[in-house]
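Trainee: Heads up: the sequence shown begins at 1 in this note's numbering, then just goes up one per residue.
Calculated directly from the structure, the hints in this document are not laboratory data. Just so it is clear, CB atoms sit at the ideal spot from N, CA and C, and this is done for glycine as well. All the given hints hold, so there is nothing to weed out.
Straight-line Cα separation of at most 20 Å, SDA-like style, residue types lysine to any residue; simulated pairs: (1) 690 to 700; (2) 125 to 75; (3) 610 to 635; (4) 617 to 632; (5) 125 to 80; (6) 174 to 184; (7) 617 to 671; (8) 137 to 79; (9) 113 to 125; (10) 137 to 520; (11) 314 to 567; (12) 113 to 96; (13) 137 to 150; (14) 678 to 690.
Using C-beta positions, here's what the derived DEER-type ranges look like: (15) 524 to 109: 39 to 47 Å; (16) 519 to 193: 25 to 33 Å; (17) 78 to 105: 26 to 34 Å; (18) 81 to 658: 18 to 26 Å; (19) 336 to 208: 45 to 53 Å.
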Amino acid sequence: MDVEDLDIGTTLKKQAELKKEAEEKAKKTKEERPKQEKCRALPRKAHLTITIIILLIAFSAGIYLRTQTYRLKFIDQFTFNNYYLNVRNDIVKQVEQQYPMLPDTEKAKLIKKNIDAILNSEQSKKTLERLKEENKKIYKDDSGSVYLYLFDTYYYYRLAGNIVENGHPGETLKEGKPFDTLRTPPAGRYAESNLFPWMMAYAFKIASFFSKKVTLLGVAFFFPVLIFILTFPFAYYFGRKLSNNFGGLLAAVFFAIHPIAIRGQIAGIPDTDSLNIFFPFLIIFFLFRIFDDKKVYMKAAWLIAMLLSIFLFKQTWGGGYYYIVFIIVTFLATYITLMLFRKVQKAKKKKALWLSGLIVFVTVFLLGALMFLLKHKRTSVLRKYIGMSESGTWPDPFQILSELQSTNLVQQIGGYLILLIFLGGILYFAYGLLKKTRRERLFFLIWVVALAVVSLFAARFTRLFGPVFTVFIGSFLGIVVSRIRDYGYKSLVKYISVVIIGILMLAIVNADLEKMSYTLPEMDDAVANVLSEIRHNSSEDAIIAGWPDYGYVYQAYAKRATILDGGSWDGFSNYLISKMFLSEDENVSLGLLRTLVCGARTPAKKIIEKTSWDLFKKIITSNKSEALRIAKENKIQQRYVNKIFCEPQESYVIIYEEMLQKMHHIEYFAEWDPIVNKAYAEVSRLSEEKGIAYLSRNYNLSETEAIDEYLKIKERMILGKLPRFDIRDSNCNEEKGVIK
Numbered sequence: 001m002d003v004e005d006l007d008i009g010t011t012l013k014k015q016a017e018l019k020k021e022a023e024e025k026a027k028k029t030k031e032e033r034p035k036q037e038k039c040r041a042l043p044r045k046a047h048l049t050i051t052i053i054i055l056l057i058a059f060s061a062g063i064y065l066r067t068q069t070y071r072l073k074f075i076d077q078f079t080f081n082n083y084y085l086n087v088r089n090d091i092v093k094q095v096e097q098q099y100p101m102l103p104d105t106e107k108a109k110l111i112k113k114n115i116d117a118i119l120n121s122e123q124s125k126k127t128l129e130r131l132k133e134e135n136k137k138i139y140k141d142d143s144g145s146v147y148l149y150l151f152d153t154y155y156y157y158r159l160a161g162n163i164v165e166n167g168h169p170g171e172t173l174k175e176g177k178p179f180d181t182l183r184t185p186p187a188g189r190y191a192e193s194n195l196f197p198w199m200m201a202y203a204f205k206i207a208s209f210f211s212k213k214v215t216l217l218g219v220a221f222f223f224p225v226l227i228f229i230l231t232f233p234f235a236y237y238f239g240r241k242l243s244n245n246f247g248g249l250l251a252a253v254f255f256a257i258h259p260i261a262i263r264g265q266i267a268g269i270p271d272t273d274s275l276n277i278f279f280p281f282l283i284i285f286f287l288f289r290i291f292d293d294k295k296v297y298m299k300a301a302w303l304i305a306m307l308l309s310i311f312l313f314k315q316t317w318g319g320g321y322y323y324i325v326f327i328i329v330t331f332l333a334t335y336i337t338l339m340l341f342r343k344v345q346k347a348k349k350k351k352a353l354w355l356s357g358l359i360v361f362v363t364v365f366l367l368g369a370l371m372f373l374l375k376h377k378r379t380s381v382l383r384k385y386i387g388m389s390e391s392g393t394w395p396d397p398f399q400i401l402s403e404l405q406s407t408n409l410v411q412q413i414g415g416y417l418i419l420l421i422f423l424g425g426i427l428y429f430a431y432g433l434l435k436k437t438r439r440e441r442l443f444f445l446i447w448v449v450a451l452a453v454v455s456l457f458a459a460r461f462t463r464l465f466g467p468v469f470t471v472f473i474g475s476f477l478g479i480v481v482s483r484i485r486d487y488g489y490k491s492l493v494k495y496i497s498v499v500i501i502g503i504l505m506l507a508i509v510n511a512d513l514e515k516m517s518y519t520l521p522e523m524d525d526a527v528a529n530v531l532s533e534i535r536h537n538s539s540e541d542a543i544i545a546g547w548p549d550y551g552y553v554y555q556a557y558a559k560r561a562t563i564l565d566g567g568s569w570d571g572f573s574n575y576l577i578s579k580m581f582l583s584e585d586e587n588v589s590l591g592l593l594r595t596l597v598c599g600a601r602t603p604a605k606k607i608i609e610k611t612s613w614d615l616f617k618k619i620i621t622s623n624k625s626e627a628l629r630i631a632k633e634n635k636i637q638q639r640y641v642n643k644i645f646c647e648p649q650e651s652y653v654i655i656y657e658e659m660l661q662k663m664h665h666i667e668y669f670a671e672w673d674p675i676v677n678k679a680y681a682e683v684s685r686l687s688e689e690k691g692i693a694y695l696s697r698n699y700n701l702s703e704t705e706a707i708d709e710y711l712k713i714k715e716r717m718i719l720g721k722l723p724r725f726d727i728r729d730s731n732c733n734e735e736k737g738v739i740k
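Sequences are here, hints too, so could you generate the full structure?
Mentor: Shown next, in the form of structure tokens:
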């Protein structure tokens, strides 16, 4: 036997002895601490009980925060402040009259004592409560339901009312299809086919079956909270799927209380935003079930359910549903790429490498294209998908929409601490994918990053980003806490951490929550009374002309057609109605009103684009025969003039105080120069030399004139950009009722 063989035998013998010694030591340690280990482990039922309790607390907190709008807390504070000031003023007068020689310090003590005595009296408490209720009634209808908070939400509220009354979303049927007579008058339009008002209508029918006191306005008010209730379980499911049970709890807590997730599901704002959160969660739930289920027939069932959900999502948001399909396709491409790369690493097959490279290229190209569109403000594609359009050579009406402006995402998510946690989660998930591809984590990583990018450029997308963000960050923190928690009482540490993190979250977002609780509906009794007066004292085919913001409210309460509303406006229509409001010539305003009431926007646009605003103004301020003569001289089709000079229907122009706050918007549209803008559109992409040559050639200008016009165009477009200020913050002064 060789010496080498003896060495190997000795080594093996020593290893066996060491192993046996380690096992005996572990056994001895276990025997020494049996009771200690037993008391440190929570029973399975205790885990389940604590989980349910935390979920119920988060669920209740989510409902409470989303229904703050119903309590009208601002009215409580406003009423108390006014009452306090009145009481204080009366007490001060009394003390000054009765004790004029009393020192100021003694007066202050006496005043405070008397004020406290009055405020703490039963009579004052009753008076204060009565005043609060009276002031709150201003923001409630006759049934006691609080008005909806935003003007745009009255569109779906009206359609839901039509479904309840008529069985379809239109005011009437035309060729067997629901027809909306209150939009784009005098012609009207076919009613929009949207799932959202149908859901509200049937929610009302179900609720009214249990109580006859239920109103459609009340159901519409709380409808977003109902959608939150349906969405909440998915937040826990996804958080648990991405990490563990603790991560699921954190995801549910964050989803329930973080303002960025609350904004899309606030009571009083029944818009499609709530369903734009619910349906993507439902779709992705079905996608994950397809991954998890082993049986083929169950995979097929989940696939059918997912496709049905995508179809329903399409009925809710039109082209917007493409975004979730885009995320799914990108995920599948990335997942296949990772699988192929691993196959390449093992088999080193050139074919697989080539295919992987192709898929990576396509994926990067798609994401790069999206980034390019956003970076260079080429948002026409996005606008198409979210139901908007470009304005052409006319002013862009969407410039005045705050939801399409860029936003401070750091502030939205709760500050730099939350941002660091978010970035840490992205890095952790991405690094983990290099070792092992977990489909759920890969999908959420792509989903949350894509939505974060688009949210930087348009505030509207934060409502989509928020819920996904809260689930992502909750699941990541669940992983972190699970990895660093102490071994002693480790089960309890997780649940105590939920409470601690929840308190930290509330501290971070407290300011936003407080701000949300002190808002008021844009609608009140004053508006409702005016519209009721129009409804009961006008012909059924009367038309209301006003700034588009209130359009849906006019339709819902006056039951009369409106020239413009939140969904039918465009740059040219805003141009006409702004000139109508600001013209110093009454005849011009009347001519523009007749043009709008007659539905002659298209003829007006063609005339102005072919000739000029001055010629169009001359036409609308003339009588019909004179207008026809002017049209003939300028080779304008007579049918355009006939359309403008129709027999107008009864019409009402509504002007309200809040329009002063939008005066800079109205002036922007009214002062728009279509000729200059058209010229700018033609030369903006050209160099200065080519731009001047283009103007000289196409507008019959000399070189000097072309240079002058080119400089004017550049100056006009710099100064013509929509100013970003509020009249309340400007340096305007009011003198004898005139703002200067």
